[in-house]
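J.: Sequence:
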Amino acid sequence: MKPDGAVFMTSAPEHDRNMHMRYPPIDGFWTWDIKRDRVYGDANLSDYFGLTLDEFSHGASLERCMQSIDRDDRSRVRLAIRKAVERRSAFREVYRVHSEKMGLRKILAVGQCYVDGTGEAALYPGWFVDLTDDAACEEQALREIRNHVGQAKDLARSIGHELMSYLLDNIEEEVEQRLGASLGRRRSS
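All residue numbers for the sequence shown refer to my numbering, where the first residue is 8 and numbers rise by one.
Hints listed in this document are in silico derivations from the structure and should not be mistaken for laboratory results. Just to be clear, a hint being listed does not mean it is correct.
What the hints assert, rightly or not - Quick list of the computed label-pair ranges, beta carbon to beta carbon:
#1 Ile166 with Gly187: 24 to 34 Å
#2 Glu180 with Asp123: 20 to 30 Å
#3 Ile166 with Gly66: 44 to 54 Å
#4 Glu151 with Ile33: 31 to 41 Å
#5 Ala50 with His168: 44 to 54 Å
Just so it is clear, CB atoms sit at the ideal spot from N, CA and C, and this is done for glycine as well.
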């Protein structure tokens, strides 16, 4: 605790802390005050989740925000949030949200848990991107997966792990098939 009573916030430890990931341009931001159960967000979050800007300015409950998540995705997202808070870790989920203004949208939500001076989960800021119409995003992700799998396969071979190399070959083939399907969809549109 600082002399003026303010509390230092620190990021929860991450296993893949040095892993750099590229994301498309950010569409909106939020901050979840976990202890008070208040989600604060910008105008874009308001548009996507169908809450008023006033609700997000004063803090909406997490449950109120969850109502905008598609029913088929809601339990998975709840579980991912619960695990992320319990582990004091990052959150990264793709799910669908409904709002009157935006309709049905597919988003990628990314957040990071910050703990207070006692190590309790306290704040969870995050951001989201709209993936609904972004076939190029899927193609880019598949290309990155292909590159990482190729590197992992080369590494497995170099240290003599033939079974792992074989399994990575199968994954690489699956990625190639999906990449081909993704490119085919893009060409036909």
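J.: Hint by hint, note whether the structure agrees.
T.: Hint-by-hint comparison with the structure:
no.	hint	result
1	Ile166 with Gly187: 24 to 34 Å	holds, 30 Å
2	Glu180 with Asp123: 20 to 30 Å	violated, 47 Å
3	Ile166 with Gly66: 44 to 54 Å	holds, 51 Å
4	Glu151 with Ile33: 31 to 41 Å	violated, 18 Å
5	Ala50 with His168: 44 to 54 Å	holds, 50 Å
The structure does not agree with the numbered hints 2 and 4 stated previously, though it agrees with the rest.
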